[in-house]
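J.: Sequence:
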Amino acid sequence: MPLIPLTTLTLLATHGLHQSYQNITRLLTYEHQSEKAAKWSNKASQRLHKTRSTQTSGTVTLLISLLSSLYLLFYIYSPKPPTPYLLPLLSLLNTLLLLLSHHHMSQFWNPRTQVEIPMVEKFNEAIRGSEAVVRVLGFMGGVWGVCLGVW
Numbered sequence: 001m002p003l004i005p006l007t008t009l010t011l012l013a014t015h016g017l018h019q020s021y022q023n024i025t026r027l028l029t030y031e032h033q034s035e036k037a038a039k040w041s042n043k044a045s046q047r048l049h050k051t052r053s054t055q056t057s058g059t060v061t062l063l064i065s066l067l068s069s070l071y072l073l074f075y076i077y078s079p080k081p082p083t084p085y086l087l088p089l090l091s092l093l094n095t096l097l098l099l100l101s102h103h104h105m106s107q108f109w110n111p112r113t114q115v116e117i118p119m120v121e122k123f124n125e126a127i128r129g130s131e132a133v134v135r136v137l138g139f140m141g142g143v144w145g146v147c148l149g150v151w
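Numbering (the working numbering) for the sequence shown: 1 to 151.
FYI, nobody ran anything at the bench for these hints, they're computed from the structure.
The model shown is predicted, which means the values in this text are computed figures rather than measured ones.
Backbone N, C-alpha and C fix where the C-beta goes; we use that ideal spot for every residue, glycine too.
The reader is advised that the hints may include incorrect statements.
[Said to hold, decoys possible] Computed beta-carbon distance windows for the label pairs:
| hint | residue 1 | residue 2 | range |
| --- | --- | --- | --- |
| 1 | Thr113 | Leu11 | 25 to 31 Å |
| 2 | His15 | Ser53 | 21 to 27 Å |
| 3 | His15 | Ala44 | 28 to 34 Å |
| 4 | Leu89 | Asn42 | 37 to 43 Å |
| 5 | Ile76 | Arg128 | 34 to 40 Å |
| 6 | Ile117 | Thr25 | 16 to 22 Å |
[Said to hold, decoys possible] Capping the alpha-carbon separation at 25 Å, the derived lysine-lysine pairs in BS3-like fashion look like this:
| hint | residue 1 | residue 2 |
| --- | --- | --- |
| 7 | Lys122 | Lys50 |
| 8 | Lys50 | Lys39 |
| 9 | Lys43 | Lys122 |
| 10 | Lys36 | Lys50 |
| 11 | Lys122 | Lys36 |
| 12 | Lys39 | Lys122 |
Work the whole structure out from these sequences, hints included.
T.: As structure tokens, this is what we get:
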């Protein structure tokens, strides 16, 4: 019965999106200073681009997963159930997207590349929050993968 995994995925995606929103809000606190630094330093410019691209990929992937799980939750229990290939197709799509996004974010948001800076607490919270989003992406990719195997 797909109700439990789809509900779990919906809740996880909602949690991940909330966490992403908080991280992006925290990072925006330092946006102006980061843009100034990016004008003078290629390294700062690359890090600003990577920060934006990883946050975007994680957020968009979580949104796609949320919409997919909500769609399936409502469509499965409608009078006209989905075609048999829809569940495995959406499971495969979400598994791939989540694992790619997990890999993309984990290359940048990890303790090896992100060092917490004293007296910049919102940035440090964004680092920890982004690492939490990476874990959510990986877990959700695993759940969609299990669903793919079951459906």
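J.: Please go over all the hints and tell whether each is borne out by the structure.
T.: Here's how the hints hold up against the structure:
no.	hint	result
1	Thr113 with Leu11: 25 to 31 Å	holds (29 Å)
2	His15 with Ser53: 21 to 27 Å	holds (22 Å)
3	His15 with Ala44: 28 to 34 Å	holds (31 Å)
4	Leu89 with Asn42: 37 to 43 Å	holds (42 Å)
5	Ile76 with Arg128: 34 to 40 Å	holds (36 Å)
6	Ile117 with Thr25: 16 to 22 Å	holds (18 Å)
7	Lys122 with Lys50	holds (18 Å)
8	Lys50 with Lys39	holds (15 Å)
9	Lys43 with Lys122	holds (21 Å)
10	Lys36 with Lys50	holds (16 Å)
11	Lys122 with Lys36	holds (19 Å)
12	Lys39 with Lys122	holds (23 Å)
Of the hints listed earlier, there is not a single one the structure fails to meet.
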